[in-house]
Amino acid sequence: MKELTVISGKGGTGKTSITAAFASLAENAVIADCDVDAADLHLILKPKVKKIMKFHGLKIASIDKKFCIDCKKCHDYCHFNAIDEKINLIKGSCEGCGVCSYICPVHVITMVDRDSGIAYLSETRFGPMAHAVLKTAEEASGKLVTVVRNNAKHLAETKQKDLILIDGPPGIGCPVIASITGVDLVLIVTEPTLSAIHDLERILGVAKHFKIPAIVCINKYTINLDNSKKIEQYCMDNNIPVVGKLPYDNLMTKAMIHEQSIIEFSDANLSHQIHKMWNNIQGMLKLHV
Amino acid sequence: MIISVASGKGGTGKTTVATNLALSLRNVQFFDCDVEEPNANIFLHTKINEYEEICVSIPEIDKEKCDYCGKCSDFCAYNALAVVQSKVLIFPELCHSCGGCELVCPKDAICWKERVIGRIEHGQSNDIDFYHGLLNVGEAQAIPLIKALKNKINKNKTVLIDVPPGTSCPVIESINGSDYCILVTEPTPFGLHDLKLAVEIMKHQYIPFGVVINRDGIGDKEVEIYCQQNRIPILLKIPERQKIAYLYSKGIPLVNEAYEWHEMFGLVFQKIQNEVNK
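As they're listed, the protein sequences go chains A and B. Using our numbering, the letters of the first sequence correspond one by one to residues 1 to 289. Using our numbering, the letters of the second sequence correspond one by one to residues 1 to 278.
Quick caveat, the hints were computed from the structure, so don't treat them as lab data. Just so you know, even glycine gets a beta-carbon here, dropped at the ideal spot from N, CA and C. Just to be clear, a hint being listed does not mean it is correct.
[To be verified] Partial list, derived from the structure: chain B residues whose beta carbon lies under 10 angstroms from chain A:
{"#": "1", "residue": "Val104"}
{"#": "2", "residue": "Pro106"}
{"#": "3", "residue": "Thr167"}
{"#": "4", "residue": "Ser168"}
{"#": "5", "residue": "Glu222"}
{"#": "6", "residue": "Tyr226"}
[Said to hold, decoys possible] In silico EDC-like cross-links for lysine to aspartate or glutamate, where the CA-CA straight-line distance does not exceed 16 angstroms:
{"#": "7", "chain 1": "A", "residue 1": "Lys143", "chain 2": "B", "residue 2": "Glu93"}
{"#": "8", "chain 1": "B", "residue 1": "Lys147", "chain 2": "B", "residue 2": "Glu52"}
{"#": "9", "chain 1": "A", "residue 1": "Lys254", "chain 2": "B", "residue 2": "Glu200"}
{"#": "10", "chain 1": "A", "residue 1": "Lys86", "chain 2": "A", "residue 2": "Asp76"}
{"#": "11", "chain 1": "A", "residue 1": "Lys59", "chain 2": "B", "residue 2": "Asp74"}
{"#": "12", "chain 1": "A", "residue 1": "Lys2", "chain 2": "A", "residue 2": "Asp162"}
{"#": "13", "chain 1": "A", "residue 1": "Lys59", "chain 2": "A", "residue 2": "Glu123"}
{"#": "14", "chain 1": "B", "residue 1": "Lys250", "chain 2": "A", "residue 2": "Asp226"}
{"#": "15", "chain 1": "A", "residue 1": "Lys135", "chain 2": "B", "residue 2": "Glu200"}
{"#": "16", "chain 1": "A", "residue 1": "Lys2", "chain 2": "A", "residue 2": "Glu27"}
[To be verified] Simulated DEER-style distance windows between Cβ atoms:
{"#": "17", "chain 1": "A", "residue 1": "Ser62", "chain 2": "B", "residue 2": "Asp220", "range": "42 to 48 angstroms"}
{"#": "18", "chain 1": "A", "residue 1": "Pro247", "chain 2": "B", "residue 2": "Lys87", "range": "29 to 35 angstroms"}
{"#": "19", "chain 1": "A", "residue 1": "His209", "chain 2": "B", "residue 2": "His204", "range": "43 to 49 angstroms"}
Next comes chain A alone, as it looks inside the complex (with noise of 0.2 angstroms):
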C-alpha cells in the first residue's frame, strides 16, 4: 500500500482541488483529509459518514476547589501559566502536562479527558474516507492527524486498496510533519508568487529533514511566467522533478461551487492536464516500490 500526500507551504495554492481530482482518478484508493484545522475536502467529496469516534487530545486539570489548601504550589509550578492566583484554571493555556495533579498536597487536582475533536470513517462516490474535525481552539492537531491516518490505513487495509491520497495542512509544523512521516510520495502544490516561492524552499527542507522523496506541481503558473521559470530552474537545480503545469483557469471555483471535482466538472484543458500529471504520479508511485 501507498501513501501520497498533498502539501503546499503556503496556505491556498489548490491542495485541495488537486487533491479532489485525483480523488476522481484514483481507481483504487482511501482519501484522508488532514488539515483538521479547516478541513474543507468534504465540501467536494461529500462524505456518507459511516462511523463516529470521539478524539481527546491532551488531558486538561480539573480542580476540586472545596478542599483546595491555597499553597498554590500548582500555581507556581506549572509552567504554561495555566493555574493563576486565585487558583482558576485558564483552560486555553493548559497543555495537560499533570505537573499540578502531581506536586498538590492535598490531591485536589485530577487530569480529564478534553473532547478535543471528533473522527470520522465515511463513503464516497470515489471511495473510503478518513477525515475529522478539531474542536474550536484545540490543541494536538498533530494528534488528530496520527488518528486520521490510523483510520485510513485501517480502511485500506479492510477493504483492500493500493493507494491513501491524503490532504495535507499548510504550514510546516507539527500538523504537517504528522502528515507526512512515513509517506512514499509528497507531491508539493505551489504557484507562481514570491511568497509561494519562499514557502516551497521551506516545505521541501521539511520533507528532506524526514527524508521523504518530494514532487512539484506549479499551479495557475500563467499568473506570473517568469515565476515559474524560477520556480522550473530552481526544481531542477535541486533535482526535484515538476509534474505538472497547471494555468489558472476560474473552472477551478466554478467546479468548487458546484461541488464537484474539476475532472468531473468540466473536460477543458485544465482537468486534462491534471489527468497527465496524475498519470505521471501514479508512475511515480509504482516506481517506489
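Mind docking chain B on chain A? Use the hints.
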C-alpha cells in the same frame, strides 16, 4: 490598539491585508506570527538588523545518578522520554518543557539544557517597527516563537499581527489579547466554510471582528449573505483582478501601486477604530 489579521483558510490574503494596512498607517508595530511560513517581509522589505535565537528547555539525564526506574517516562504526557533497559531516550521535538520528569525523578538525575527551535528577527523601515519569527525546518512547535514575538508588543503603537492559517493553538496564541480581528476570506465554498470556523474562534475568545472579502467576484455571493445574516461588518472588498494577482506574485503592495488603496486601507482602519470605541 492591537489588530490581528486571521483567516482559517490559508492563502486568502491575510498578508496582503496586514501589509497594506501597515503601509497606510503611521507609528505601526508589525508582527508576522506565521512563524512556519512568514511572508510579510516580502512586501515590507524591512532591513533586518537584530535577531534573537529562541530556545526551549529539554531534559538531560545524568547517567551517574539515573537508575532507569522509568518514572519520568511514565509521567511524561507527551511521550518525550522512553526508558529501555539501561538507556533513557529523549525525543526533543515532543517535549513541552513542563518540568514533570524532573519533579518525579527520585534520584535527582534530570537537569535541563537549552535547544534552539528558531529565531525572531527585528527591523525598522519608515513608520514600521517590524518583527517576524522563523521556526527551524523540522521543528514542530510554533508556540514558543509566537510567545517570544508577542513579548515585544508596544501598546503605544498601532500593533498589527499577521496570524497563521488554521484554527488551532498557534492561531489562538497569536490572536489572544487583540482588540479587534480582521478575518480575510474569499467568496467561495471553501472560503465560507473556513470563515465560519474563524468566526467561532472569535466568539470563543470574545474578540470583536469584521470581514475583508478578497478576490471579490471570483465565486458566489454566499459569504456576503452570511455576513449580512449574522451582522458581521464587511470592512473591504478587494476585487479579483489579474493585475492584483500579478502585483502580489512580485511582492508589490497594492498601496505602492495606486494611492486609492492607501485611502481604502485608511478607511478600514477608521471603521475598526469606530467598532472598537463603540
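Do the hints match the structure? See the list:
1. Val104: Holds, because the Cβ-Cβ distance from Val104 of chain B to chain A comes to roughly 7 angstroms (cut-off 10 angstroms).
2. Pro106: Because about 13 angstroms separates Pro106 of chain B from the closest Cβ in chain A, which is outside the 10 angstroms limit, the hint is violated.
3. Thr167: holds, 5 angstroms
4. Ser168: This interface hint holds because 4 angstroms falls under the 10 angstroms limit.
5. Glu222: Holds, about 9 angstroms.
6. Tyr226: For Tyr226 of chain B, the interface hint is violated, since the closest Cβ of chain A sits about 15 angstroms away, which is over 10 angstroms.
7. A:Lys143 with B:Glu93: Holds. Lys143 of chain A to Glu93 of chain B sits at ~14 angstroms (cutoff 16 angstroms).
8. B:Lys147 with B:Glu52: Judged against 16 angstroms, a Cα distance of about 13 angstroms means the pair holds.
9. A:Lys254 with B:Glu200: Distance ~27 angstroms between Lys254 of chain A and Glu200 of chain B Cα, so the pair is violated.
10. A:Lys86 with A:Asp76: Holds: Lys86 of chain A and Asp76 of chain A sit about 12 angstroms apart, inside 16 angstroms.
11. A:Lys59 with B:Asp74: holds, 15 angstroms
12. A:Lys2 with A:Asp162: holds, 6 angstroms
13. A:Lys59 with A:Glu123: Violated, at roughly 31 angstroms.
14. B:Lys250 with A:Asp226: The hint holds at about 10 angstroms.
15. A:Lys135 with B:Glu200: Satisfied, since the Cα-Cα distance of roughly 10 angstroms is no more than 16 angstroms.
16. A:Lys2 with A:Glu27: Given pair Lys2 of chain A, Glu27 of chain A holds - Cα atoms ~13 angstroms apart, limit 16 angstroms.
17. A:Ser62 with B:Asp220: 42 to 48 angstroms: The hint (42 to 48 angstroms, Cβ to Cβ) holds, given that Ser62 of chain A and Asp220 of chain B are roughly 45 angstroms apart.
18. A:Pro247 with B:Lys87: 29 to 35 angstroms: violated, 55 angstroms
19. A:His209 with B:His204: 43 to 49 angstroms: Violated: the Cβ-Cβ distance is about 34 angstroms, outside 43 to 49 angstroms.
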